[in-house]
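Sequences listed follow chains A and B, in order. Per the working numbering, the very first residue in the first sequence carries number 1; after that it's consecutive. Per the working numbering, the very first residue in the second sequence carries number 1; after that it's consecutive.
Just so you know, the hints here were simulated from the structure itself, not pulled from any lab data. Heads up, none of these hints are tricks.
According to the in silico footprint, chain A covers these stretches of chain B (three or more CB under 8 Å from chain A):
id, region
1, 50-62
2, 75-81
3, 91-100
From the derived model, a few chain A residues whose C-beta atoms are all more than 10 Å from chain B:
id, residue
4, PRO66
5, ILE114
6, SER134
7, MET212
8, GLY321
9, VAL327
10, VAL339
11, ASN400
The beta carbon of each residue, even a glycine, is placed where N, CA and C say it ideally should be.
Chain residues, written in single-letter form:
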Amino acid sequence: MKILRRGSSGIVKVTRSLGRAGYTFGKRPELIVLWKEIVDSFRDRRTIVNVLLLPLILMPVAFALPFFFISPKTNPPNVVVVVRDLNATKLVSMLMRDLPKVSFEKNIDPNKTILQNKADLVVIIPRGFSLNISRGGQSNVFYYYDPYNMKSSTAITMVSSIVERYQSRIVSDRLKELNLTESYVRPIKEVSKEVVSKGVSLASPTSVISVMLLPIFIGVIAMTGASAFALDMIAGERERKTMEALFTNPVSGTSILVGKYLAMTAIAFLSAIVTLASALASLLLMNLLFTSALGPLHRQENLNLTIIIPAAKALPLVLAGIFLAVVLAALTGNSIIAVVASFAKSFKEAQQYMGFVTMVLMLLIVAVPYMPPSMMNYLACVPVASIMVFVRDLLVNPSNLMPIAMSLVFSVIYLVMLLYVSGKVFSRESLISS
Amino acid sequence: MDAIVADNLRKEFGGVVAVDDVSFSVRSGVVFGYLGPNGAGKTTTLRMIYGVLRPTSGTAYVMGHDVLREPAQAKKNLGVMPEETGLYSRLTAEENLIYFGRLRGLRGRELERRVVKLLQKLNLMEKRYVIADKLSRGQKQKVAFARAILHEPPILILDEPTLGVDVMSAREIRRMIEDYAKEGNTVVISTHNMFEVERLCQEVAIINRGRIVYQGSKDDLMRISGEKEFEDVFVKLVRQEVVER
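Isolated chain A (complex conformation) (with noise of 0.2 Å):
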């Protein structure tokens, strides 16, 4: 046996019983296709990286990354104070207390400071300053920050804040010596109520990124996450000229087209669960260590899935749905890409005809969670986008079901057309003969 087993490469051994369950798996020859393809695409180490390593790597990163850099808690700005008098001792305290990152100069230059990266904001208390607030007037307080620097805008809400407390403070002091109350100098108060469907929880930070995101990831993930293997299918197949062989077997080409058809999905669609998981475990993490980080909407929450999915009460036809939306964009995803593959002479001809189409798809899938929500229907309209809107409308508003099965049925309508005209692309006889 070790004879016979020598020559095999590392990949190979290891899925040596994939490529021997080929004795038996499946008896319809789209099985038979999907069984070679799946031990094909497993046998070239760009699955493993792009379809498992590069999801559980990239996610996390993208997430955290960006929160990380701007999350008060991980890494606080840098303010710099300059007192300049020296009576400002209750603001100044405050400060002290509530920055965690924050230094006391009497005199530098707030310009060099900031242009020289030196500190994030410089706060200046000037001269005068407790004098005239003192005598019932109003005192300045200067502000030197980078308005291309997010730590310096985050630093500015910061101070803010403790400004605005101290100062009500002494609001609330001037009134109670003009025996007045705080309604007089402030006759409204604003009051906010988020408005959200039936059944979905109000907005957490997580589950505000979640609803941007996870259309566009399903998108992306799911309908250009096999492409390499999909343009290897078809367009590899015939460089290789491998399809010729194929097509002598008393097998029709709409049944190697389906069995291609379901290897790129299941590819497809493990790539964009791993990425999902990937993406939920990623926001989850996040939401766990920095949810302060997004100010106004930070709220205390317990770790369960309505900060991702805010429709959790209808946790199953979420579930569901977003299943039903990642099979929907790869066998739309990949019906187009055969379509292009089909049309190539070449693998690399293929690739750059991809890039095209690529970046149209993209459009697509990003201009959902840009668009105004009264754009939806006219959207739900729209090849690609559809299934975008049909997600969507499923996190935000899981119970009107009019305008999810619109999108649906649209997502559908547009599928059936595209494996119909990939069909006939993929039988074109100039697949084998040129």
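Dock chain B against chain A, hints included.
Only chain B this time, still in chain A's reference frame:
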């Protein structure tokens, strides 16, 4: 019944005639050489017969089955080794055979028995678990040959079966062809190798510029031409020096 009948097969590619109303028949149980210079239309004719190209006009019959009307029935009677081996480079020798065996309706122990038997016969057992990409040209050709006869078809079509193959592998393939024909099967070979024609074929058809210029017994052709070497006969025919049968 004739194993193969080509009935006025014609193929045009964008107005260029590659095969021009070709007709011939192959009797069951013979080794039939389909010969011609490069670009004569050999591969295009064979592709129409084994059902991967659709004729512009005319048709072909395989064991009485019209390749246009009953393509699956026609293909079931054929084993094909195209000009390019068409092996999947990331699949092992065994997996390449499993794939085509399964598409031909074989499975389980019966398929494994046939795979092992053929690998042993072609001295490829050591390469059973080696991916096709790592096989030599001769070994690839032998695996492609095994793939063509795995389902034991009554008709075998071989397009340049020993092209670019080392002497030892070419001998093995020729021996296998002879053995296969001895079992009563029909073999159609397209080749440039005149030694192979002399050694293996009983009947030949010669195509030049898309048209058949001779079809019949190899021995008759030798007799008519008066040549001693088949290669000289072939050259004469292609130069249209021998016109009549």
